[in-house]
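K.L.:
This is what each chain is made of:
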Amino acid sequence: MSTLLAAAGPLEPAARSYLSPTGQEVVFLLVGVLVLGAAVVSVTTRRLVHAALWLVVALGGLAVEFLLLTAEFVAWVQVLVYLGSVIVLVLFGLMLTRAPIGRSPDADSGNRPAALAVGLASAATLVTLVVDAFRSSWIDLSGAAGTTRVTGEYLFSHWVLPFEALSVLLLAALIGAIVLSRTQGGRARPRAGKLRTAPTKPKER
Amino acid sequence: MHLAYPAVLAVLLFSVGVYGVLARRNVILVLMSVELMLNAVNLNLVAFDVWLRDTLHAGQALTLFTITIAAAEIGLGLAIVLLVYRTRRTAAVDEVTALGDRHEADGQGADDQGADDHEAADAAKEQAAA
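From first to last, the protein sequence lines stand for chains A and B. Under our numbering, the first residue of the first sequence carries the number 16, and numbering increases by one thereafter. Under our numbering, the first residue of the second sequence carries the number 5, and numbering increases by one thereafter.
Chain A extracted, bound-state conformation (with noise of 0.2 Å):
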């Protein structure tokens, strides 16, 4: 672990401060007050819709907090499958569950004062042991980390088992999907189950 935090470089505290932020600081806190606030008012608006477009603006922030870490391909990925496909997916799922387009009074649920307090305990707990744990570390952003053909060299040469293995994970995915969304003979069929609280059949579309 020593050796490891020796060739993280060197520490410089006299010419690094909190009091002068760098450029790359301050544009980073912004976008970082812009993602914090989509999130939240993500995860509390009742307009179903409108939390998956909030949603929108805190991964695109984020696509900009990779970009600002230097890592250009892990950002344009972010913004590919993130905005491109997660987005709509979920987009499509709140229509296809006919969620309301209005005000919905039922999005959150009872045990809403119990989350606010996991939430706040989780958020304080770690916040501390994380500004404890990494007060005097920098990150030295100098030299290019994440460009694609970095990106493509590592990948290739050293990732390339779990790479595969990813597109087998990525296949298997896409046939469970099929399989699980279809429907045979164009309604849903139940499967026999051990299920026997509730005596009644699946209404018919």
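Worth flagging that the hints you see were computed from the coordinates, not collected in a lab. Some hints here could point you the wrong way.
[Stated by the list, open to error] Now the in silico label distances, taken between C-beta atoms and shown as ranges:
#1 Thr94/B <-> Leu176/A: 38 to 44 Å
#2 Thr94/B <-> Val64/A: 15 to 21 Å
#3 Ser119/A <-> Ala62/B: 41 to 47 Å
#4 Leu189/A <-> Thr94/B: 25 to 31 Å
#5 Arg93/B <-> Glu168/A: 47 to 53 Å
[To be verified] Chain B stretches covered by chain A per the calculated footprint, using a threshold of three residues with CB under 8 Å from any CB of chain A:
#6 38-50
#7 64-77
#8 80-89
#9 94-100
Just so it is clear, CB atoms sit at the ideal spot from N, CA and C, and this is done for glycine as well.
Add chain B to chain A, keeping to what the hints say.
P.N.:
What follows is chain B alone, placed relative to chain A:
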């Protein structure tokens, strides 16, 4: 850049995601909160990768893998949500309280009794269990 900025932002995003997972009632909103938590982890991975100057770039490679797995997860999750919605007519997590599908032989000719019957049967079962 000070390492505390990305670390604290990731922690706060993760906590927001925890709140969303616990407080939301619609399954799709729960899935969105899970995406927020995964993205907080991604931010941590990228920041620590840049900090440690790892020659293998394990952090960024793992970030790419996490993004891929998250995409697969939300695809499968939404397929399951749609299946549940088709058979139970609801997407609320607190109304899906029992495992298994309904037995087809149980339901013949009892089409229009609906949710009241379901809740009454649930209550009866809970009393029997207690």
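K.L.:
Does each hint hold? Answer for all of them.
P.N.:
Results of checking the hints against the structure:
1. Distance hint for Thr94/B and Leu176/A: a CB-CB separation of about 42 Å, consistent with the stated range 38 to 44 Å.
2. Range check, Thr94/B to Val64/A: Cβ separation about 18 Å, and the 15 to 21 Å hint holds.
3. At roughly 42 Å, the beta-carbon separation of Ser119/A and Ala62/B lies within the given 41 to 47 Å, and the hint holds.
4. A C-beta distance of roughly 27 Å is found between Leu189/A and Thr94/B, which places it inside the suggested range of 25 to 31 Å.
5. Checked against the hint of 47 to 53 Å, the C-beta distance between Arg93/B and Glu168/A comes to roughly 52 Å, which is consistent with it.
6. Coverage of a stretch by a chain is defined here by at least three residues with a beta carbon nearer than 8 Å to that chain's beta carbons; for the region 38-50 of chain B and chain A the count is 6, and the condition holds.
7. Residue count for the region 64-77 of chain B with a Cβ under 8 Å from a Cβ of chain A: 12. That meets the three needed, and the coverage hint holds.
8. With a threshold of 8 Å between beta carbons, the proposed coverage of the region 80-89 of chain B by chain A holds, since 8 of its residues qualify and at least three are required.
9. Counting residues of the region 94-100 of chain B whose C-beta sits closer than 8 Å to any C-beta of chain A gives 4, which meets the bar of three, so the coverage hint holds.
The structure meets every hint from the earlier list without exception.
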